[in-house]
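**Student:** Sequence:
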Amino acid sequence: MDMTPAQRLILSNQYQLMCHLDPSNGEKYRRLQTIIERGYALQMAEVISQFEALCETQCREVIDIMEMHHAMQASYHLLDDTNQAALSPRRVQFWGFDAATEGALVHYVRFLVDTEGLYPQFDQGEHCFNSQMPMRDKYRRMLDVWRQCPRQFHLSLTEIEKILAA
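At position 165 of the sequence shown (counting the first as 1) the number is 165 in my numbering, and the numbers step up by one without a gap.
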(Lines of atoms letter the chains of each structure in order from A; the text may use other names.)
(Lines give C-alpha, C1' and ligand atoms only; values in the text may rest on other atoms or scores of the structure.)
Protein backbone atom coordinates (compact mmCIF):
# COMPACT_ATOMS: atom_id res chain seq x y z
CA MET A 1 0.00 0.00 0.00
CA ASP A 2 1.39 3.35 -1.01
CA MET A 3 1.00 6.31 1.29
CA THR A 4 0.89 9.92 0.25
CA PRO A 5 3.46 12.29 1.76
CA ALA A 6 0.65 13.82 3.85
CA GLN A 7 -0.35 10.40 5.22
CA ARG A 8 3.26 9.62 6.03
CA LEU A 9 3.66 12.95 7.81
CA ILE A 10 0.52 12.34 9.89
CA LEU A 11 1.63 8.83 10.84
CA SER A 12 5.15 10.03 11.63
CA ASN A 13 3.70 12.68 13.95
CA GLN A 14 1.53 10.02 15.63
CA TYR A 15 4.59 7.90 16.35
CA GLN A 16 6.40 10.96 17.70
CA LEU A 17 3.49 11.61 20.07
CA MET A 18 3.48 7.96 21.13
CA CYS A 19 7.15 8.27 22.10
CA HIS A 20 6.12 10.92 24.63
CA LEU A 21 2.93 9.18 25.79
CA ASP A 22 4.50 5.75 26.17
CA PRO A 23 8.22 6.24 26.88
CA SER A 24 8.69 2.57 27.79
CA ASN A 25 8.04 1.74 24.11
CA GLY A 26 9.77 4.86 22.78
CA GLU A 27 12.45 2.97 20.89
CA LYS A 28 9.81 0.96 19.00
CA TYR A 29 7.90 4.11 18.06
CA ARG A 30 11.08 5.93 16.95
CA ARG A 31 11.92 2.96 14.71
CA LEU A 32 8.43 3.05 13.16
CA GLN A 33 8.67 6.83 12.75
CA THR A 34 11.98 6.46 10.88
CA ILE A 35 10.51 3.77 8.60
CA ILE A 36 7.55 5.98 7.72
CA GLU A 37 9.54 9.19 7.30
CA ARG A 38 12.14 7.60 5.05
CA GLY A 39 9.70 5.42 3.16
CA TYR A 40 11.49 2.09 3.57
CA ALA A 41 9.09 -0.01 1.50
CA LEU A 42 10.05 -3.40 2.96
CA GLN A 43 9.59 -2.25 6.54
CA MET A 44 6.50 -0.20 5.65
CA ALA A 45 4.85 -3.47 4.62
CA GLU A 46 5.54 -4.65 8.20
CA VAL A 47 3.90 -1.52 9.60
CA ILE A 48 0.90 -1.84 7.32
CA SER A 49 0.46 -5.52 8.23
CA GLN A 50 -0.54 -4.35 11.72
CA PHE A 51 -3.78 -3.11 10.18
CA GLU A 52 -5.29 -6.52 9.67
CA ALA A 53 -8.85 -6.93 8.52
CA LEU A 54 -11.23 -9.84 9.00
CA CYS A 55 -14.26 -10.09 6.78
CA GLU A 56 -17.67 -10.88 8.25
CA THR A 57 -17.38 -14.55 7.24
CA GLN A 58 -14.07 -14.93 9.11
CA CYS A 59 -15.51 -13.22 12.19
CA ARG A 60 -18.52 -15.53 12.17
CA GLU A 61 -16.26 -18.56 11.80
CA VAL A 62 -14.25 -17.54 14.88
CA ILE A 63 -17.46 -17.03 16.86
CA ASP A 64 -18.75 -20.43 15.70
CA ILE A 65 -15.50 -22.03 16.86
CA MET A 66 -15.81 -20.35 20.23
CA GLU A 67 -19.47 -21.36 20.50
CA MET A 68 -18.50 -24.96 19.77
CA HIS A 69 -15.97 -24.87 22.61
CA HIS A 70 -18.53 -23.26 24.89
CA ALA A 71 -20.94 -26.08 24.01
CA MET A 72 -18.32 -28.74 24.70
CA GLN A 73 -17.43 -27.17 28.05
CA ALA A 74 -21.07 -26.80 29.10
CA SER A 75 -21.81 -30.36 27.99
CA TYR A 76 -18.77 -31.65 29.86
CA HIS A 77 -20.14 -30.14 33.09
CA LEU A 78 -23.49 -31.85 32.48
CA LEU A 79 -21.88 -35.30 32.21
CA ASP A 80 -22.14 -37.63 35.16
CA ASP A 81 -19.02 -38.25 37.25
CA THR A 82 -18.10 -41.45 35.43
CA ASN A 83 -18.17 -39.79 32.00
CA GLN A 84 -16.36 -36.71 33.29
CA ALA A 85 -13.61 -38.95 34.64
CA ALA A 86 -13.16 -40.41 31.14
CA LEU A 87 -12.32 -37.01 29.65
CA SER A 88 -9.86 -34.41 30.89
CA PRO A 89 -11.38 -30.91 31.09
CA ARG A 90 -8.24 -29.62 29.33
CA ARG A 91 -9.37 -31.41 26.19
CA VAL A 92 -12.42 -29.16 25.82
CA GLN A 93 -10.48 -25.99 26.60
CA PHE A 94 -10.31 -23.35 23.85
CA TRP A 95 -6.63 -22.78 23.06
CA GLY A 96 -7.03 -19.99 20.50
CA PHE A 97 -5.05 -19.62 17.30
CA ASP A 98 -1.39 -19.38 16.31
CA ALA A 99 -0.17 -15.78 16.63
CA ALA A 100 2.56 -16.36 14.04
CA THR A 101 0.31 -17.63 11.25
CA GLU A 102 -3.22 -16.72 12.41
CA GLY A 103 -2.50 -13.41 14.11
CA ALA A 104 -5.67 -11.63 13.01
CA LEU A 105 -7.73 -14.46 14.49
CA VAL A 106 -5.86 -14.28 17.81
CA HIS A 107 -6.48 -10.54 17.97
CA TYR A 108 -10.16 -11.01 17.21
CA VAL A 109 -10.51 -13.63 19.97
CA ARG A 110 -8.80 -11.27 22.43
CA PHE A 111 -11.13 -8.48 21.33
CA LEU A 112 -14.20 -10.67 21.87
CA VAL A 113 -13.05 -11.74 25.33
CA ASP A 114 -11.31 -8.64 26.66
CA THR A 115 -13.27 -5.82 25.03
CA GLU A 116 -16.67 -7.33 24.32
CA GLY A 117 -16.73 -9.39 27.52
CA LEU A 118 -17.78 -12.58 25.74
CA TYR A 119 -16.78 -16.07 26.85
CA PRO A 120 -15.55 -15.10 30.32
CA GLN A 121 -15.39 -18.81 31.18
CA PHE A 122 -12.54 -19.35 28.71
CA ASP A 123 -9.13 -19.59 30.32
CA GLN A 124 -6.71 -17.35 28.43
CA GLY A 125 -3.73 -19.21 29.82
CA GLU A 126 -0.29 -17.68 29.93
CA HIS A 127 -0.29 -17.16 26.16
CA CYS A 128 -3.58 -15.24 25.90
CA PHE A 129 -5.20 -17.46 23.26
CA ASN A 130 -1.97 -17.94 21.31
CA SER A 131 -2.03 -21.69 20.71
CA GLN A 132 1.51 -21.51 19.28
CA MET A 133 0.51 -23.87 16.51
CA PRO A 134 -1.93 -23.44 13.60
CA MET A 135 -5.43 -24.44 14.69
CA ARG A 136 -7.87 -23.12 12.08
CA ASP A 137 -7.96 -26.28 9.95
CA LYS A 138 -8.42 -28.47 13.04
CA TYR A 139 -11.25 -26.24 14.28
CA ARG A 140 -12.93 -26.38 10.88
CA ARG A 141 -12.95 -30.17 10.98
CA MET A 142 -14.31 -30.06 14.51
CA LEU A 143 -17.05 -27.62 13.43
CA ASP A 144 -18.16 -30.00 10.68
CA VAL A 145 -18.66 -32.78 13.24
CA TRP A 146 -20.29 -30.48 15.83
CA ARG A 147 -22.82 -29.16 13.31
CA GLN A 148 -23.99 -32.73 12.67
CA CYS A 149 -24.83 -33.29 16.35
CA PRO A 150 -28.59 -33.12 16.96
CA ARG A 151 -28.24 -31.34 20.32
CA GLN A 152 -25.24 -29.08 19.89
CA PHE A 153 -25.38 -27.66 23.41
CA HIS A 154 -26.08 -30.93 25.20
CA LEU A 155 -23.44 -33.25 23.83
CA SER A 156 -22.78 -36.78 25.01
CA LEU A 157 -19.30 -37.99 25.88
CA THR A 158 -19.19 -39.86 22.57
CA GLU A 159 -20.10 -36.72 20.62
CA ILE A 160 -17.50 -34.64 22.43
CA GLU A 161 -14.87 -37.27 21.70
CA LYS A 162 -15.85 -37.37 18.00
CA ILE A 163 -15.57 -33.60 17.77
CA LEU A 164 -12.14 -33.62 19.44
CA ALA A 165 -10.93 -36.43 17.18
CA ALA A 166 -11.90 -34.63 13.97
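Any given hint could be a false lead.
Derived EDC-like pairs (lysine to aspartate or glutamate); straight-line CA-CA distance at most 16 Å [what the hints assert, rightly or not]: (1) Lys28 <-> Asp2; (2) Lys28 <-> Glu46; (3) Lys138 <-> Asp22; (4) Lys138 <-> Asp114; (5) Lys138 <-> Glu61; (6) Lys138 <-> Asp81.
FYI, nobody ran anything at the bench for these hints, they're computed from the structure.
As the structure is a computational prediction, the values presented were derived from the model and not from experiment.
**Student:** Indicate, hint by hint, whether the structure satisfies it.
**Tutor:** Results for each hint:
no.	hint	verdict
1	Lys28 <-> Asp2	22 Å, violated
2	Lys28 <-> Glu46	13 Å, holds
3	Lys138 <-> Asp22	39 Å, violated
4	Lys138 <-> Asp114	24 Å, violated
5	Lys138 <-> Glu61	13 Å, holds
6	Lys138 <-> Asp81	28 Å, violated
In the structure shown, a violation is registered for the earlier hints numbered 1, 3, 4, 6, in ascending order.
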